[in-house]
Amino acid sequence: MTDLLYSQDEELLRASVRDLLTARAPASAVLARTETDELYDPALWHALAADLGAAGLAVPEWAGGHGASWRETAIVAEELGRSLAATAFLGSTVLATAAGRSAGADDLVERLASGEVTAALAIPLSTVPGSGFPDTVRHSHETLTGTVRNVADARTADVLIVPALADDGPALYVVGAGAISRTAVVSLDLTRPLTDVTLESARADLIASGAEAVAAFDTALITGAAMLAAEQLGLAERCLEITVEHLLTRYQFGRQIGSYQALKHRMADLWAGVTQARAVARYAAGCVADADPDAAVAASLAQAYCSLVAVKAAEECVQLHGGIGFTWEHPAHLYLKRAKADAIAFGTASQHRARLAELVDLPAA
Amino acid sequence: MTDLLYSQDEELLRASVRDLLTARAPASAVLARTETDELYDPALWHALAADLGAAGLAVPEWAGGHGASWRETAIVAEELGRSLAATAFLGSTVLATAAGRSAGADDLVERLASGEVTAALAIPLSTVPGSGFPDTVRHSHETLTGTVRNVADARTADVLIVPALADDGPALYVVGAGAISRTAVVSLDLTRPLTDVTLESARADLIASGAEAVAAFDTALITGAAMLAAEQLGLAERCLEITVEHLLTRYQFGRQIGSYQALKHRMADLWAGVTQARAVARYAAGCVADADPDAAVAASLAQAYCSLVAVKAAEECVQLHGGIGFTWEHPAHLYLKRAKADAIAFGTASQHRARLAELVDLPAA
Amino acid sequence: MTNAEDDLRERVQKLLAGHDPQGDRMEFLRAQFDAGLAWVHFPAGLGGLDAPRTLQSVVDADLAAAGAPTNDPRRIGIGLGMAAPTIRTHGTEEQQHRWLRPLWTGDEVWCQLFSEPGAGSDLAALGTRAVPDGDHWIVNGQKVWTSQAHEARWAIVVTRTDPDVPKHKGMTYFVLDMKADGVEVRPLRQITGEAEFNEVFLTDVRIPDSQRLGAVGDGWAVAQTTLMNERVAIGGGAAPRESGVIAEVAKTWRTRPELRTPAAHDELMRLWVEAEATRLTGLRLRQQLAAGAPGPEGSAAKLAFARLNQEITSFELDLLGADGLRYDDWSSDTWRTERPTSVDFLGRSPGYRYLRAKGNSIEGGTSEILRNIIAERVLGLPGEIRVDKTVPWKDLPK
Amino acid sequence: MTNAEDDLRERVQKLLAGHDPQGDRMEFLRAQFDAGLAWVHFPAGLGGLDAPRTLQSVVDADLAAAGAPTNDPRRIGIGLGMAAPTIRTHGTEEQQHRWLRPLWTGDEVWCQLFSEPGAGSDLAALGTRAVPDGDHWIVNGQKVWTSQAHEARWAIVVTRTDPDVPKHKGMTYFVLDMKADGVEVRPLRQITGEAEFNEVFLTDVRIPDSQRLGAVGDGWAVAQTTLMNERVAIGGGAAPRESGVIAEVAKTWRTRPELRTPAAHDELMRLWVEAEATRLTGLRLRQQLAAGAPGPEGSAAKLAFARLNQEITSFELDLLGADGLRYDDWSSDTWRTERPTSVDFLGRSPGYRYLRAKGNSIEGGTSEILRNIIAERVLGLPGEIRVDKTVPWKDLPK
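Residue numbers (the numbering used here), protein chains in the order written: chain S, 16 to 380; chain C, 16 to 380; chain P, 1438 to 1835; chain B, 1438 to 1835.
It should be emphasised that the hints constitute simulated quantities derived from the structure, not laboratory data. Note that CB positions come from ideal geometry on N, CA and C, so glycine has one too. Errors might be hidden in some of the hints.
Unchecked claim - Below are the SDA-like pairs computed for lysine to any residue, each with C-alpha atoms no more than 25 Å apart in a straight line:
#  : chain 1 : residue 1 : chain 2 : residue 2
1  : P       : K1616     : P       : D1646
2  : P       : K1616     : P       : S1779
3  : B       : K1616     : B       : K1606
4  : P       : K1606     : P       : V1653
5  : S       : K327      : P       : L1757
6  : B       : K1826     : P       : R1823
7  : B       : K1606     : B       : G1651
8  : B       : K1835     : C       : T264
9  : C       : K327      : P       : A1652
10 : S       : K327      : P       : W1767
11 : P       : K1451     : P       : E1464
12 : B       : K1835     : C       : E256
13 : S       : K327      : C       : T264
14 : S       : K327      : P       : E1685
15 : C       : K327      : P       : G1732
Claimed, not checked - Now the in silico label distances, taken between C-beta atoms and shown as ranges:
#  : chain 1 : residue 1 : chain 2 : residue 2 : range
16 : S       : D376      : C       : S22       : 30 to 40 Å
17 : C       : Q23       : P       : R1678     : 25 to 35 Å
18 : S       : E25       : P       : R1678     : 51 to 61 Å
19 : B       : A1676     : P       : R1776     : 51 to 61 Å
20 : S       : D309      : B       : Q1450     : 33 to 43 Å
21 : B       : A1676     : S       : T158      : 51 to 61 Å
As the list claims (entries may be wrong) - Sample of chain P residues at the chain S side, in silico, Cβ under 7 Å:
#  : residue
22 : G1578
23 : Q1579
24 : W1582
25 : P1624
26 : E1695
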């Protein structure tokens, strides 16, 4: 059975990441950056990806990484869910790295693992695991043409991994950022803005084709879903934490509002949900790390569960902060926007329930 | 627009019915009767149906009734939902009367309206409005043969109205109780037990055929769904009432448990639900009374909404009574069993949502 | 038709004969006020004729039929709904004559300075100090969540005048000139990116004692008049089936079949049922009001409206999927200058609706406070144990 | 393998050599106890060897492999889980020697007399009086929700010995002989129609002072030991995916395609997801316990278990439709005589499951009390305002 606990090493890793994010990306700084041209902080990325090695955790040492696993990568995802600092983590360290490893793109993976280069996987963020290989980009005459909407972390990516239909079927290509045109999307989620990517006869290098391309695409989505669940867990934990803090410091009618039982019970229910989300997210990370045959079930289970907990936590955070939670100055809205966008990313909870039904043989009507 | 309020006459009717039920069928008596051979109290029925005229409210005066409408009949249903006294009201006064009136079976309707004869409509209680005409009973050689499970109020009925397939299509027959065999069902709902009805070459009188039979069947179901919503409203109101009473009289930790905010908020939410159920149930009763073209929508809306409120109210009643609510002696379980059975009667909330989707042009996927 | 009604309709005809309803708008409105046809239940000279309140609808219908202008009640809603009844109940003759006419015509817009950063649900905890200085008061403090402060000429404001007595007893209620020195209005940006509301900072603002409403120390009672009228105003119009946000989702469902899934279909119908139940509840409430028997159902309607708006808009984003990830406008350049005066739920993106709906369970009384009120006032359950009733305001934990 | 482990396994072999595991069951169990292999962490002479608690599983595995009998822990769960640790912690040497051996072997069944009609969640409000009379106590009162009272030889019971002090301070804890005069056990019929539990009426029951556990007035502290061990016992085994009530519904879904609807499918999957999340939470809790770091997650598991059982069984009835309207057995003739000793969720009808699951959020601590505990002990939110801490018990409102 998968180990659902955190190891001592993982707790050490967590402490390092949290220290870094607390020092370099406090909530006020994260909010302030959403209205500047430098949403992404390159120095923070370097410290996280390269200095702490977060970008190479899931990459074996022989491939230029640190030889840990997706389990440890999930710890970083949890912490980024708490912080909301904008980074290329999901696009580059999770999606592109998972796809690249599966496709055997060793050179690219090595560069990603070092953190010196970032990549994005050119798929809509809302793509559901198990959905068909995308066909909006076509390969012909050695170039790619097509448009992909809502790509995560493409805005600052150095290269893109692009799933495309070639004459002989599905294939995966690498394209330099210079060869594409990018349109910034006004995104619901302020700290993970999306980009529309257009390729017009863009030169591209093949990295996998046929079944290998499909496998890399599927692996990336399942890995993405599992790591996103860790992010949702961290986000929910943080929302619970700051809400409880507020309930302890805010007085109305001469009492801490945290002394009102209706609010206490809501917090208890939320805590119970977060507790369950932790078990579910850990299971998904473990299954993906071990390439367990149950990984597809575990990832969809995690999205079907953690999406709802994260949104609930963020919504309770806004509501129980009262008017304060409705202001731009308080970070609650950043969590709400991320949580809602995450609930759509890689498919909604309801789409994952439908997928689980197929996987566990509970057929539709 | 339909009048959603209660008229003064309706409030007078309510008071009479409530006085009768309070005096003759208090909760202790209702519970005690569930374990005797006389679940139905003939004297109570006579007082309600004949003396107060409840059985003839929806029947015009020229047809032997009191010339009120389904709107007034709904008041009786509300009160019976509060009381849970076992009567033939749903089967005879609602279903059989609605079917009989639609089919033009004036003689039968007159006898039902007087309360001296009771009838049942031989359909499974779980039949959904809009579902096809039943085919489990066949007509041939002037007789009916077939079985109908889970018939409401058939146990003591004098006659049955039986929808059956004849050679030339749907038809409605009247059969004397002597011609059928009845098997008591061990029912979830102790105060509205069901009966399996078997007809073996039973002699039957035709009352409608073809489109008229189908219309009578549909009318009975829509009327039944609307009146059941009134019963659910009354049940929910009563559950809320006794729960609030309990919260005011039970002390734990030196305080009335009704002073604990988490319970207060749950009661407030339940009250809000009951308030909405009242508007919805009144609308359904009004539409059925006026033969409004919106009646099918109103009845399904009422079942889709009031079913859930009634079950919620009964479940909260059990839970907030703590251990007391889990005992046989306290009437909470009678409400729970009725509420859950009512939620299945004429189709579940989810089946009514599906039906509404067809009626209001929001097509399925 | 009653004599009173005949009389009113005659007066309307006389007004229309003397003043061109298509002519100068303000001139017509002032004439309507002076004719006693503004709010007919007010006294003569104050815009009314001491007629039954219910007859106003007769006047309004005849004026509308004649194409007369309205006083744009949405724009001056706070004045009409909250300031006017308070001035009428607690104001002196002089105060009523000074303020009610331009209030009703819309010459002067009003705003409400009640909430403070530390006093939201618990309004009586407010700390804005008013200290007497001759025939003036000197006011210092901060108010928040003020609609239209940036357009208002006058404000109703509650202040603390005696911190040494329990909180409900040491408040005083004033009318504040928003053009007075020391009044600073700052837009308050909200999670949607825009700023509907304001913060108002009061620094050594001088208010003449003649602008006090009610006695010194009676501010809580005066404020209750204001808030009671706010609650009565909630309820809304008789909307047809499938109005509001459910209409948006239903439209999306009907026009974009590629988004449909079986699970989403049941959820859509669940929300449709809730929306219709809420609509019928509102209709029933209006019928009760029309029958002269207002009930507490308005609280149920507000609770349901808030939850429903939040659930429907959340579902809308899920249903849209990819499109739900996109927003319309966060622009940091425009939010200070382009100020919405009312909520535009339907004209903006689904993401905006989702975010704005979060305010529905906070503004005008949180859903938590509403549940308290229902539990205590409707169901008769015991009040919360209060620790703040007998302690001097200054000694309360904050 | 450690020395302690080697030693234990050697003792097991010695026990097996001297006593036929397929022979007389009680003889074998008594020998196991006397060999210190009953609960190895207890002292020698009391069924143990002062060995680490974790090694019990080694002993149990070897005995199971040899086909040795068990003491049927489900049947004597209250003795093992609640009475034994309390006797061990608070009992005298003599008391421990008298009670622990037949408790462990199952010679004597125990029950727990804590709850009263007026003292459920608020156990410390209990009113069963014990009055001293020489070297005995005379006990009068009524207890309720007692499992196995009709089979029990002994009971642990909390009584009020001093009504003049605040309620937590005036209680005393005893062991009660269920065969004593004045003990009357009545089955308590429940909403499912059967009677798992009992009411126990105590009328002038004499308890020797030698059967007191802990000091006079220390009953609350002793009861905490009992309840703490009850909470630790919750958590359950490592069940495979799709266990319990979700398995019943999944089976129905797979075998009766005619019941399937699109809406029910999504609801089924929602419940499947919740069930799997709850299962994984339980697994994680077990891993924490195995790692020696028990956490408060057990409370989350119990909350989730109760809600889930209720939701799934409710859904099951809806899914079944017509069949959901039928029950299996209400028989009024059998409920007094055929008494279930444990909950048979899966062997009864769906209607039974629906009704019985309602008890899951009440028994063993209501979901409301659990939420209080989580909010206060886990999240650090303030406790409820207490009005009952300083008042003499006799003056409390009841």
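Handout entry: Hint check against the structure, violated hint numbers in rising order
Key = 3, 9, 13, 16, 22, 23, 25, 26
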